[in-house]
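Novice: Listed below are the residues making up each chain.
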Amino acid sequence: MSSRTSTVFLVDDHPLVREWLTTLINQLPDLRVCGEAAGAEQAFDGMRRSRPDIAIVDLALPEGSGLALVKRITTEMPEIAVVVLSMHDERYYAERAFRAGARGYVMKGESTSSIAAAIRDVLAGRLYVSPRMQGVFSKRFGEEDLQSLHAPVKKLSDRELEVFRLLGQGYETRRVAQSLNVSIKTVQAYCARIKEKLQLANASELLREAIRWNDAQSAG
Amino acid sequence: MSTWTRYLERQPRGAVAAGCIVLSFVTGFLDYVTGTLISFSAFYLLPVSLAAWFVGQAFGLFIATLCVTVWVAGNLIAGDPNFANPFLIAWNGSIQLASFAVVVLVLGMLHNLTRDLERRVRERAAALTKEIAERERLQNLLLQASEKEQRRIGQDLHDGLGQHLAGTAIAGQVLREKLERRSLDEARDAAKVVQLIEEGVSLTRRSAKGLYPVDMQAEGLMLALEEFALTTTRLFDVNCRFLCESPVLVGSPTAAEHIFRIAQEATRNAIQHGGAGNIDIELNTLEEGHELRIADDGRGLPSIIPANGGLGLRIMAQRAQTIGAEFQVTVGPECGTIVICRLPVTIEEKMAS
Chain A
138 MSSRTSTVFL VDDHPLVREW LTTLINQLPD LRVCGEAAGA EQAFDGMRRS
188 RPDIAIVDLA LPEGSGLALV KRITTEMPEI AVVVLSMHDE RYYAERAFRA
238 GARGYVMKGE STSSIAAAIR DVLAGRLYVS PRMQGVFSKR FGEEDLQSLH
288 APVKKLSDRE LEVFRLLGQG YETRRVAQSL NVSIKTVQAY CARIKEKLQL
338 ANASELLREA IRWNDAQSAG
Chain B
-6 MSTWTRYLER QPRGAVAAGC IVLSFVTGFL DYVTGTLISF SAFYLLPVSL
44 AAWFVGQAFG LFIATLCVTV WVAGNLIAGD PNFANPFLIA WNGSIQLASF
94 AVVVLVLGML HNLTRDLERR VRERAAALTK EIAERERLQN LLLQASEKEQ
144 RRIGQDLHDG LGQHLAGTAI AGQVLREKLE RRSLDEARDA AKVVQLIEEG
194 VSLTRRSAKG LYPVDMQAEG LMLALEEFAL TTTRLFDVNC RFLCESPVLV
244 GSPTAAEHIF RIAQEATRNA IQHGGAGNID IELNTLEEGH ELRIADDGRG
294 LPSIIPANGG LGLRIMAQRA QTIGAEFQVT VGPECGTIVI CRLPVTIEEK
344 MAS
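Going line by line, the protein sequences match chains A and B. Its first residue numbered 138, the first sequence is counted upward by one per residue in this note's numbering. Its first residue numbered -6, the second sequence is counted upward by one per residue in this note's numbering.
Using 20 angstroms as the maximum straight-line C-alpha spacing, the simulated EDC-like pairs for lysine to aspartate or glutamate come out as follows:
| no. | chain 1 | residue 1 | chain 2 | residue 2 |
| --- | --- | --- | --- | --- |
| 1 | B | LYS202 | B | ASP149 |
| 2 | A | LYS208 | A | GLU178 |
| 3 | A | LYS291 | A | GLU333 |
| 4 | B | LYS185 | A | GLU247 |
| 5 | B | LYS202 | B | GLU140 |
| 6 | B | LYS202 | B | GLU258 |
| 7 | B | LYS141 | B | ASP152 |
| 8 | A | LYS322 | B | GLU275 |
| 9 | B | LYS171 | B | ASP182 |
| 10 | A | LYS332 | A | GLU299 |
| 11 | B | LYS343 | B | GLU284 |
| 12 | B | LYS343 | B | GLU281 |
| 13 | B | LYS202 | B | GLU220 |
| 14 | A | LYS332 | A | GLU297 |
| 15 | A | LYS332 | B | GLU220 |
| 16 | B | LYS171 | A | GLU156 |
| 17 | B | LYS202 | B | GLU192 |
| 18 | A | LYS322 | B | GLU280 |
| 19 | B | LYS202 | A | ASP226 |
| 20 | A | LYS322 | A | GLU299 |
| 21 | A | LYS322 | B | GLU284 |
| 22 | A | LYS322 | B | GLU281 |
| 23 | A | LYS332 | B | GLU275 |
| 24 | A | LYS291 | A | GLU342 |
| 25 | A | LYS292 | A | GLU342 |
| 26 | B | LYS141 | B | GLU258 |
| 27 | B | LYS202 | B | ASP152 |
| 28 | A | LYS334 | A | GLU297 |
| 29 | A | LYS334 | A | ASP295 |
| 30 | A | LYS208 | A | ASP150 |
| 31 | B | LYS202 | B | GLU142 |
| 32 | B | LYS171 | A | ASP167 |
| 33 | B | LYS202 | A | GLU247 |
Partial chain A-side listing against chain B, Cβ under 8 angstroms, derived:
| no. | residue |
| --- | --- |
| 34 | VAL154 |
| 35 | MET224 |
| 36 | VAL324 |
| 37 | GLN325 |
| 38 | ASN339 |
Simulated from the structure, these hints should not be mistaken for laboratory data. The C-beta atom is built at its ideal place from N, Cα and C for all residues, glycine as well.
For reference, chain A alone in the conformation it holds in the complex (with noise of 0.2 angstroms):
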């Protein structure tokens, strides 16, 4: 009967929401908050004295971003499991919080009821996304991961791939066509098939699309 209680750290720099996270939390039976800071300097310090399971971390903070002290925590003390409560928008910025190391992302004021959940899926081992974004997440960070990341890349031409590697390495429309030597209508038309072929809604998805598959392939 003895489950054990896990530790929850709040990283905030709002005092409101340091304050209601911590009841709501401390009244869950096998949650209780250990710490709380408003910046990252602090936040840091009071992770390495109290070890927390879990940190509640807020992507806008006073001093450093919040994704630099993701990526801090995760890397100095990766036993801590690191959930984003942040107002920035899931879909531009969930991405970039995994990236950095969370293992979680709930937008505040949108799934308050989630943030349970979200703690608790996350102490289970697995990651928490909101079921809008979960088809997107699912294939990209699951375990099966790196396979089907690669495959529907395999179906395009060796020059669509090409096109495709040097918009994830960052290169404008402009510059890709200068370093093919092609025409600017002919890279639209190039991103027009990969965007048909991967399914991709526009040029933005195709753009992060592109970066993720980049920094996926240098990583492997």
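On the provided structure of chain A, position chain B as indicated by the hints.
Specialist: Just chain B, lined up with the frame of chain A:
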């Protein structure tokens, strides 16, 4: 006339003066050769006028004296009866000198007047140019100030009110869970309250986004326009699409923000004034630079823009000018309006660095 006067004005004074002296002697020689019966005195006006206009009044008087001397000397050598005795020489010479002096003085005054007028025109033009530059600078400052204010309000909404509401939502959730544990029906009401607060957060986030749209990263403009098209479709019951063939990265945050604001203004015009149902916002890379193009199917531009209206158009043009972009508003092929803003690649690169 003006070509040769300008030519002479550009010549060194010494050369013109020497020319006048030579011309005086040449005229004197021709006067002598043509004999005493043909009057040649008027031709001396040429070196006298040239000297007075291009070298100065004093030199004009000197040439006048020289011409009179040459004229008298020529006539004496030719044996003109009008110069038979010293009185006649003095009388005729003085009359001639006096008439030349009048010409010199009148020309000198005229010359001063012309010069004064030219100087004043130049001063006025300079003042006007300065005033235009100052007005443009003020317009820019005004635009920047209003943007800064918007950004501040946006940030306050996002980081202040938004966070406060998010905290309140968590407080509501605490209450809801307490009520649920006691199996009270009020838990449902608490859940409803949490949901309402969350809607408040969402509204706050959206308003903040409208005021402070472009994330300062290169791909920020694409993301901001994509988000804007979605929000517009949702809020205004129109079909607003964001079309972008291939990734467009705008390295300068200032340029990105101005382009975004142009898109925002053009879309607002299309809905409010044009009554458009479909709006396409296109962002593309062309050979010469980035192009933003907003096309709608509304009523198009009014043929006469009211005196107090057209402010939005002027501000869009001003924004484009600020970032060195080309701005164009035309009527669509069948209906509606097309707003185009082209940012040359050279300017964008300069701004980004």
